[in-house]
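**Q** Take the given structure of chain P and dock chain G to it, following the hints.
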Amino acid sequence: MQSNRLGWILLAPTLVILFFFGVVPFFYVLWLSFHQWNPFALDPAVVYNGADNFRALVFDNGFLASLGVTIAFVFFAVLTELIVGYLLAQAFMKEFPGKAVFRTIHTLPLIMAPIIVGSIWKLMTTPSIGIIPSLLASWFGFDLNIGTSAVAAFTVTVIMDVWHWTPLVTLTLIAALVSLPADPFEQAQIDGANKRQIFWHITLPMIAPALLATVFIRLMDALRTVDEVLMLTGGGPGSATRYLGVHIFKEVFPKTNYGYGSAVSIIVLYLTIVACWLLYVALIAPRNKKA
Amino acid sequence: MAGVNIDDVYKRYGSVQVMHGVSIDIEDGEFVVLVGPSGCGKSTLLRMLAGLEPISDGTIKIGEKVVNEVLPKDRDIAMVFQSYALYPHKTVAQNIGFPLKMAKRPKAEIDEKVGRAAEILDLTKYLDRYPKALSGGQRQRVAMGRAIVRDPKVFLFDEPLSNLDAKLRVSMRMEIKELHQRLKTTIVYVTHDQIEAMTMADKIVVMRDGRVEQIGAPLDLYDNPQNVFVAGFIGSPSMNFVKGRIDGANGTRQFVSEGGLVLPLPAQASVAVGQEVIYGIRPEHISIGEGGVAMDVVVIEPTGSETQVFARSGTDLIDAVVKDRIAARPGEKIGFHIDLSRVHLFDGKTQQRL
Chain P
1 MQSNRLGWIL
11 LAPTLVILFF
21 FGVVPFFYVL
31 WLSFHQWNPF
41 ALDPAVVYNG
51 ADNFRALVFD
61 NGFLASLGVT
71 IAFVFFAVLT
81 ELIVGYLLAQ
91 AFMKEFPGKA
101 VFRTIHTLPL
111 IMAPIIVGSI
121 WKLMTTPSIG
131 IIPSLLASWF
141 GFDLNIGTSA
151 VAAFTVTVIM
161 DVWHWTPLVT
171 LTLIAALVSL
181 PADPFEQAQI
191 DGANKRQIFW
201 HITLPMIAPA
211 LLATVFIRLM
221 DALRTVDEVL
231 MLTGGGPGSA
241 TRYLGVHIFK
251 EVFPKTNYGY
261 GSAVSIIVLY
271 LTIVACWLLY
281 VALIAPRNKK
291 A
Chain G
292 MAGVNIDDVY
302 KRYGSVQVMH
312 GVSIDIEDGE
322 FVVLVGPSGC
332 GKSTLLRMLA
342 GLEPISDGTI
352 KIGEKVVNEV
362 LPKDRDIAMV
372 FQSYALYPHK
382 TVAQNIGFPL
392 KMAKRPKAEI
402 DEKVGRAAEI
412 LDLTKYLDRY
422 PKALSGGQRQ
432 RVAMGRAIVR
442 DPKVFLFDEP
452 LSNLDAKLRV
462 SMRMEIKELH
472 QRLKTTIVYV
482 THDQIEAMTM
492 ADKIVVMRDG
502 RVEQIGAPLD
512 LYDNPQNVFV
522 AGFIGSPSMN
532 FVKGRIDGAN
542 GTRQFVSEGG
552 LVLPLPAQAS
562 VAVGQEVIYG
572 IRPEHISIGE
582 GGVAMDVVVI
592 EPTGSETQVF
602 ARSGTDLIDA
612 VVKDRIAARP
622 GEKIGFHIDL
632 SRVHLFDGKT
642 QQRL
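Residue numbers (our numbering), protein chains in the order written: chain P, 1 to 291; chain G, 292 to 645.
If you are wondering where the hints come from, they were derived from the structure by calculation, not from laboratory data. Heads up, a few of these hints could be off.
Pairs of lysine-lysine, DSBU-like flavour, derived with a Cα cap of 30 Å [to be verified]:
| hint | chain 1 | residue 1 | chain 2 | residue 2 |
| --- | --- | --- | --- | --- |
| 1 | G | Lys404 | G | Lys423 |
| 2 | G | Lys352 | P | Lys195 |
| 3 | G | Lys468 | G | Lys416 |
| 4 | P | Lys195 | G | Lys392 |
| 5 | P | Lys195 | G | Lys395 |
| 6 | P | Lys195 | G | Lys444 |
| 7 | G | Lys381 | G | Lys356 |
| 8 | P | Lys94 | G | Lys381 |
| 9 | G | Lys494 | G | Lys356 |
| 10 | P | Lys195 | G | Lys423 |
| 11 | P | Lys195 | G | Lys458 |
| 12 | G | Lys458 | G | Lys352 |
| 13 | G | Lys398 | P | Lys195 |
| 14 | G | Lys475 | G | Lys458 |
| 15 | G | Lys475 | G | Lys398 |
| 16 | G | Lys416 | G | Lys398 |
| 17 | G | Lys416 | G | Lys404 |
| 18 | G | Lys416 | G | Lys458 |
| 19 | G | Lys395 | G | Lys444 |
| 20 | G | Lys475 | G | Lys404 |
| 21 | G | Lys458 | G | Lys494 |
| 22 | G | Lys395 | G | Lys458 |
| 23 | P | Lys195 | G | Lys356 |
| 24 | G | Lys624 | G | Lys614 |
| 25 | G | Lys416 | G | Lys352 |
| 26 | G | Lys381 | P | Lys195 |
| 27 | G | Lys475 | G | Lys395 |
| 28 | G | Lys398 | G | Lys381 |
| 29 | G | Lys392 | G | Lys404 |
DEER-style ranges, computed between Cβ atoms [to be verified]:
| hint | chain 1 | residue 1 | chain 2 | residue 2 | range |
| --- | --- | --- | --- | --- | --- |
| 30 | P | Pro205 | G | Ser329 | 29 to 39 Å |
| 31 | G | Ser329 | P | Leu18 | 47 to 57 Å |
| 32 | P | Ala213 | G | Ser329 | 36 to 46 Å |
| 33 | G | Glu403 | P | Ala208 | 27 to 37 Å |
Glycine included, C-beta positions come from ideal geometry on N, C-alpha and C.
Just chain P, with the same shape it has in the complex (with noise of 0.2 Å):
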């Protein structure tokens, strides 16, 4: 008991502090979600308006359209991260010269707040002053503007994401494979298998747990991306970046729709816990329970 007393005693500032900046917000949007309320509105009262938020956003074009960009925004951003990030893992497990300064620049973007991203390539792609649209220009006569063209905005925040967060991807996978036995593989060669067949029936299974815990991070981070997108393109042009981070905040700050806006948060929570559970589903469940 004297122990168990002293472990409550020790989490108990951790708990506090969740309980007051993790759980009474969540409630309280939670709660916001089902009112109607915009102080500066004619009625700046806060009305209960039962399931009226929610139904409304399935007729909002706004979000809808928001909900469309952010799906392939998450799938190119994160399925690029998986692809470079596995293959610069692999590389990193090999030795070559300066294979020590080179990781460790690698690393960097992860340690950099996204309004430092946002902000530098803000500046390394505004068009006229941009390092990136300038050398376009000159070398392939490739007229970059993320200020007019949709497709170049969306992929410009794609390739912003990618190299913020794929050095994430690489560090997990490099503990992955660094984790592997290595008799499996030399098995493998001697069962036949070429290279890659060892990378499909072998290394890619084992390092799937740390594929998907990576998968499933990124994919949660990226359904969130605002300060990023709204540094880079406020989400724009149009609503070509109008990622549901960027919609959110775009409905309760400028707009002051509080209880719409807590709505929609509910609901991005709500998609994500779903998009992890169907994840988890495909591809870990099956394996479980056969085991």
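**A** Only chain G this time, still in chain P's reference frame:
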């Protein structure tokens, strides 16, 4: 099926040479055991045969083909690792069928061969299980199954039994030997356990420090060890060695140890008076009775079927294994009778057989 020819093979890691010109001829269908203490290079040699370790010099042939530059997957060999190296994410059936799947065999054929291998190895009940749900012995059998479905030219075994308990080891030993008798495929088997080597091999290769010490049939090595190392390594309990010199006058010769123990010599021994020798006699070639060499009993270890007697004379400790039960007590005098036809004499300096 094919023989294996290892010709003057060297292995260097940078400037360190770990294998010094090893040559071994293995005939088609032979069961060859590489045996030696840890670090003798036997596993490295096996990995070189498998193609997992490049060789620095020399040639390795499987059948008529030089395989120095051939990738493991193209050598047509099967290997069982000490750790079994099962694929943790595949079921028993998938593990066993993996080599066939890699060879793109039709599914019906894979199922049939896996089924047959499982039957031979008594794994039919476990085909749907994952390796983590199997016992050590079952895992070992899955690894064997994966090897036998291949019908390879050569089986390589790297200490496959050393992770099993003693009882299981004995029964698996028999199963592997039986399997060899049935399949008649060439087997190269690595172990540090000389009993495994003795019981299973057609031919034993004793290795030490990256060199071959002796190659021969098990009983040949037991009866005629070429040097002190092989004599001590083969046989359990290990051979007694006593250092000393040949003493004698008027045509009678005897062995006198450094500690003064006098032992009889076989009449035909080709040794000269004054020569420094190592006198070797196996514990099982000493009997106990009246007269003989007088020794003081130190410890008696009865095992039921036989009794091991450790006895001392001066600084020399000799043990004997006899079928009879011994009534003597520690400290008492006892008479050792040495079977003179079984005495081994080695040169005191080169340690080679005389």
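**Q** Decide, hint by hint, whether the structure agrees.
**A** The hints, checked one at a time:
The hinted pair formed by Lys404 of chain G and Lys423 of chain G meets the criterion: a straight-line CA distance of about 23 Å does not exceed 30 Å. A threshold of 30 Å between alpha carbons decides the hint, and for Lys352 of chain G with Lys195 of chain P the separation of about 25 Å falls inside it, so the pair holds. The suggested pairing of Lys468 of chain G with Lys416 of chain G holds, with an alpha-carbon distance near 23 Å, which does not exceed 30 Å. Under the criterion of a C-alpha separation no larger than 30 Å, the hint pairing Lys195 of chain P with Lys392 of chain G is consistent with the structure, at around 15 Å.
For a cut-off of 30 Å, the pair hint linking Lys195 of chain P to Lys395 of chain G stands: about 15 Å separates their Cα positions. Among the hinted pairs, Lys195 of chain P with Lys444 of chain G is consistent with the structure: their alpha-carbon atoms are about 23 Å apart, no more than 30 Å. The straight-line distance between the Cα atoms of Lys381 of chain G and Lys356 of chain G is roughly 34 Å, outside the 30 Å bound, and the hint therefore fails. For the hint pairing Lys94 of chain P with Lys381 of chain G, the CA-to-CA distance comes to about 27 Å; that is within 30 Å, so the pair holds.
About 22 Å separates the Cα atoms of Lys494 of chain G and Lys356 of chain G, which keeps this hinted pair within 30 Å; it holds. Between Lys195 of chain P and Lys423 of chain G the CA atoms are separated by roughly 26 Å; this keeps the pair inside 30 Å, and the hint holds. Between Lys195 of chain P and Lys458 of chain G, the direct Cα distance comes to roughly 40 Å. Violation of the 30 Å bound is thereby established for this hinted pair. The hinted pair formed by Lys458 of chain G and Lys352 of chain G fails the criterion: a straight-line CA distance of about 37 Å is larger than 30 Å.
Note on Lys398 of chain G and Lys195 of chain P: the hinted pairing holds, with a Cα-Cα distance of about 22 Å set against a maximum of 30 Å. Distance check on the hinted pair: Lys475 of chain G and Lys458 of chain G sit about 26 Å apart at the alpha-carbon level, within 30 Å; holds. Simply put, Lys475 of chain G and Lys398 of chain G have alpha-carbon atoms about 27 Å apart, close enough for the 30 Å limit, and the pair holds. With a CA separation close to 20 Å, the supplied pair Lys416 of chain G and Lys398 of chain G stays within the 30 Å bound.
Note on Lys416 of chain G and Lys404 of chain G: the hinted pairing holds, with a Cα-Cα distance of about 16 Å set against a maximum of 30 Å. Simply put, Lys416 of chain G and Lys458 of chain G have alpha-carbon atoms about 22 Å apart, close enough for the 30 Å limit, and the pair holds. The straight-line distance between the Cα atoms of Lys395 of chain G and Lys444 of chain G is roughly 19 Å, inside the 30 Å bound, and the hint therefore holds. As the CA atoms of Lys475 of chain G and Lys404 of chain G are separated by approximately 18 Å, the hinted pair is consistent with the 30 Å bound.
Distance hint between Lys458 of chain G and Lys494 of chain G is fulfilled; the C-alpha atoms sit about 24 Å from each other, no more than 30 Å. At most 30 Å may separate the alpha-carbon atoms for a hinted pair to count; Lys395 of chain G and Lys458 of chain G exceed this at roughly 39 Å. Simply put, Lys195 of chain P and Lys356 of chain G have alpha-carbon atoms about 24 Å apart, close enough for the 30 Å limit, and the pair holds. A C-alpha spacing of about 19 Å is found between Lys624 of chain G and Lys614 of chain G, which places the hinted pair at or below 30 Å, so the restraint holds.
A threshold of 30 Å between alpha carbons decides the hint, and for Lys416 of chain G with Lys352 of chain G the separation of about 39 Å lies outside it, so the pair is violated. The hinted pair formed by Lys381 of chain G and Lys195 of chain P meets the criterion: a straight-line CA distance of about 18 Å does not exceed 30 Å. This hinted pair checks out: Lys475 of chain G and Lys395 of chain G have alpha carbons roughly 25 Å apart, not beyond 30 Å. Annotation: proposed proximity of Lys398 of chain G to Lys381 of chain G holds, straight-line Cα distance about 16 Å (limit 30 Å).
The straight-line distance between the Cα atoms of Lys392 of chain G and Lys404 of chain G is roughly 11 Å, inside the 30 Å bound, and the hint therefore holds. The given range of 29 to 39 Å is respected by Pro205 of chain P and Ser329 of chain G, whose C-beta atoms sit roughly 33 Å from each other. In this structure the supplied range 47 to 57 Å holds for Ser329 of chain G paired with Leu18 of chain P, their Cβ-Cβ distance being about 53 Å. Between Ala213 of chain P and Ser329 of chain G the beta carbon distance is about 39 Å. The supplied range of 36 to 46 Å therefore holds.
A C-beta distance of roughly 30 Å is found between Glu403 of chain G and Ala208 of chain P, which places it inside the suggested range of 27 to 37 Å.
The structure does not agree with the numbered hints 7, 11, 12, 22 and 25 stated previously, though it agrees with the rest.
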